[in-house]
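Participant: The residues making up each chain are set out below.
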Amino acid sequence: MLDKALKGSKSYWIWIFVLLGVIGTGFTFYLKQLDFGLGITGMSRDVTWGFYIAQFTFLVGVAASAVMLVIPYYLHNYKAFGRIMIMGEFLAISSMIMCILFIIADLGQPMRLLNVLLYPTPHSMLFWDMIVLSGYLLINLVVSWNVLDAERNSVPPAKWLKPIIYLSVPWAISIHTVTAYLYCGLPGRGFWLTAILAPRFLASAFAGGPAFLILLCLIVRRVTNFDPGREQIQSLSKVVVYGSIANMFFFLCEVFVAMYSQIPEHLDHLQYLFFGLHGHGVLVPWMWTAMALIVSGIILLLIPAARKNEAVLAVACAFTFIGIWIDKGMGMVAGGFVPNPLHEVNEYFPTFPEVMIAVAVYGTGFLILTILYKVFVGVKEELAA
Amino acid sequence: MENNRRNFLKFAGVTVLGLGSLSLLDGLTSDDVIASAGQTSAEEIYKKGANALTAKRWGMVVDTRIITAAICRKMENACHQTHNVPDHANKRHEIKWIWDTEYKHAFPEKTDLFLAERFEHLPIPVFCNHCANPPCVQACPTQATFQRADGLVLMDFHRCIGCRFCMAACPYGSRSFNFRDPREAIKNENPEFPTRMKGVVEKCNFCAERLAVGKEPACVEASDGALIFGDLEDPQSEIRKLLKENYAIRRKQNLGTNPSVYYIV
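In order, the protein sequences belong to chains A and B.
Just so you know, we're using our numbering here: the first sequence kicks off at 10 and counts up by one.
Just so you know, we're using our numbering here: the second sequence kicks off at 5 and counts up by one.
Honestly, the hints are just simulated from the structure, not real lab data.
Using N, Cα and C, we set each Cβ at its ideal position, and we do this for glycine too.
Be aware that one or more of the hints could be misleading.
No farther apart than 25 Å at their CA atoms in a straight line, the calculated lysine to any residue pairs in the SDA-like style are these [claimed, not checked]:
{"no.": "1", "chain 1": "B", "residue 1": "K108", "chain 2": "A", "residue 2": "F283"}
{"no.": "2", "chain 1": "B", "residue 1": "K114", "chain 2": "A", "residue 2": "C193"}
{"no.": "3", "chain 1": "A", "residue 1": "K247", "chain 2": "A", "residue 2": "Y82"}
{"no.": "4", "chain 1": "B", "residue 1": "K108", "chain 2": "A", "residue 2": "K171"}
{"no.": "5", "chain 1": "B", "residue 1": "K100", "chain 2": "A", "residue 2": "Q42"}
{"no.": "6", "chain 1": "B", "residue 1": "K78", "chain 2": "A", "residue 2": "K19"}
{"no.": "7", "chain 1": "A", "residue 1": "K19", "chain 2": "A", "residue 2": "V31"}
{"no.": "8", "chain 1": "B", "residue 1": "K100", "chain 2": "A", "residue 2": "T360"}
{"no.": "9", "chain 1": "B", "residue 1": "K95", "chain 2": "A", "residue 2": "F361"}
{"no.": "10", "chain 1": "A", "residue 1": "K247", "chain 2": "A", "residue 2": "Q42"}
{"no.": "11", "chain 1": "B", "residue 1": "K108", "chain 2": "A", "residue 2": "R231"}
{"no.": "12", "chain 1": "B", "residue 1": "K100", "chain 2": "B", "residue 2": "Q151"}
{"no.": "13", "chain 1": "B", "residue 1": "K114", "chain 2": "A", "residue 2": "E353"}
{"no.": "14", "chain 1": "B", "residue 1": "K95", "chain 2": "A", "residue 2": "V354"}
{"no.": "15", "chain 1": "A", "residue 1": "K41", "chain 2": "B", "residue 2": "R96"}
{"no.": "16", "chain 1": "B", "residue 1": "K114", "chain 2": "A", "residue 2": "V384"}
{"no.": "17", "chain 1": "B", "residue 1": "K100", "chain 2": "A", "residue 2": "P196"}
{"no.": "18", "chain 1": "A", "residue 1": "K19", "chain 2": "A", "residue 2": "V291"}
{"no.": "19", "chain 1": "B", "residue 1": "K114", "chain 2": "A", "residue 2": "H287"}
{"no.": "20", "chain 1": "A", "residue 1": "K88", "chain 2": "A", "residue 2": "N162"}
{"no.": "21", "chain 1": "B", "residue 1": "K95", "chain 2": "A", "residue 2": "H287"}
{"no.": "22", "chain 1": "B", "residue 1": "K100", "chain 2": "A", "residue 2": "K171"}
{"no.": "23", "chain 1": "B", "residue 1": "K108", "chain 2": "A", "residue 2": "H287"}
{"no.": "24", "chain 1": "B", "residue 1": "K108", "chain 2": "A", "residue 2": "V291"}
{"no.": "25", "chain 1": "B", "residue 1": "K114", "chain 2": "B", "residue 2": "N262"}
{"no.": "26", "chain 1": "A", "residue 1": "K88", "chain 2": "A", "residue 2": "H287"}
{"no.": "27", "chain 1": "A", "residue 1": "K171", "chain 2": "A", "residue 2": "V384"}
Covered, in the sense of this in silico footprint (three residues per stretch, anywhere, with C-beta under 8 Å from a C-beta of chain B), are these stretches of chain A [unchecked claim]:
{"no.": "28", "region": "130 to 140"}
{"no.": "29", "region": "190 to 199"}
On the chain A side, residues computed to face chain B include the following (Cβ under 10 Å) [what the hints assert, rightly or not]:
{"no.": "30", "residue": "G48"}
{"no.": "31", "residue": "D55"}
{"no.": "32", "residue": "W58"}
{"no.": "33", "residue": "F346"}
{"no.": "34", "residue": "P348"}
{"no.": "35", "residue": "H352"}
{"no.": "36", "residue": "V386"}
Could you put the whole structure together from the sequences, leaning on the hints where they help?
Facilitator: Here it is as structure tokens:
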């Protein structure tokens, strides 16, 4: 089926080469990072994880959100989602690959990555994260490719796929749960030390992921002959608004606990993010922007007339996606490190090379996504002909 | 050495077979890989001699009644010189094994509006607590950070992948990461202790390499009696006697990490 990605219009090839250019540019910065070390980033002794790990965390959520298509379709027999199921799974695949690339970009000694397998350490959450992430990538590769192949041949998918598909539901939950456990089990980090972290990760994932999928559906409808379908997009928009409200609810629970108890270890980080601490507040405008975007997204999606207008819907989804990207990415990671364990405020902001490396990883993800979607649309067009 | 080479070959083999992209990285940074394979492992650095000092659980007492800024400088210099700790100009790249800070930073949960005057600006030396229940060891995905039977929390610089999970896990900010090549920033290299490479984490090791040859930690030697080192499990040890007679506190005791460093206040 991959051959379908080799035949495309002029604009398809321009897009491919633009992405290759972006990847190539960013890769030169990565070579610089390999040579100099992670010192070319904005990270420091106090803020030891930054933009890379933020993107990793966010994209695990995007990947996990494919389950929001799998559950209605396979467990509730909601047939409409069958039409876009593969799109969700392909999005999960490209997100997972980006996650792995962001982890590699963040390692001080990337060529020693396989030490994680050579010295398996079950008491480290990173070990489990590696297992669930690679497992989820494999599950989605096997399922999506076989289902699409069966569809192309106009035969029902093989029976052995069913248990794997059912397995993918708890597995999707597990990838984001274990990713939250990386943070929330650390004794000295009050901002992350909360049992709501994993549920909140999942809620924001189920808002941000489907919001992005809606945008992809609208793009696919515009640039190809395949229409993902109005009903599908409308159903997804309800998933987005439920997820986004749950995310805000969990966030407000967190704010209440911190503000009412007034325990400094919990309160200081929130204060730093939203009001600044001891005169430092580089993330303050970002956090308020994120909140404004998420809340506006919820309001737009809650009004049926607005939601049903696809132009407004696109805006609402973009708001939701960007808002969650800021909050979960920059805010969640940097916010947990400031103030540091000695209660000193040393701020973090990504550097230009750091952002360029991240852009290259996103370029790689979009390249993989483009190729996979080209195959998917190619199969659909072939069947329609 | 043999074991080292075998591990290296095994590692190289898996790398080449495993991921194409990773073998590419190998090629790009082959200097580092070869350098690390030829260096001493943690086992060799800390191999105990006949006159090695031993304990059931090593611990330290910091007598804040004796501490002065000058003593702190001496201890820091002794430690950083002994362990080839680089001196980077950029604060973000800073490496430190032992340093001093104010009471409110060393004990942020014990700060007080009406603190005894002596403590307002008293320099408090801080370093790795060698916790009995170390969160960094729990977090490390490769066992590059490990706990020895005598309580020392040590690092294998050649196994560390530089994920910095241990730094997120440490509630005391005791760990540093080599954001760049440290060797360019070492003034007088001590050939007795290995230098590190970029991309790995490091921290205080309670001078395990000196204990192995019968010497006390470098900071203790330079402390003019402000730091006392000994066996926490031995009721007859000097530090146990000190703790019996004086009120001492530990950093963030409430977290359950069980630090092995006590501060007499």
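Participant: Go through the numbered hints given earlier and state which of them the structure violates, listing their numbers in rising order.
Facilitator: 4, 6, 10, 11, 16, 18, 22, 26 and 36
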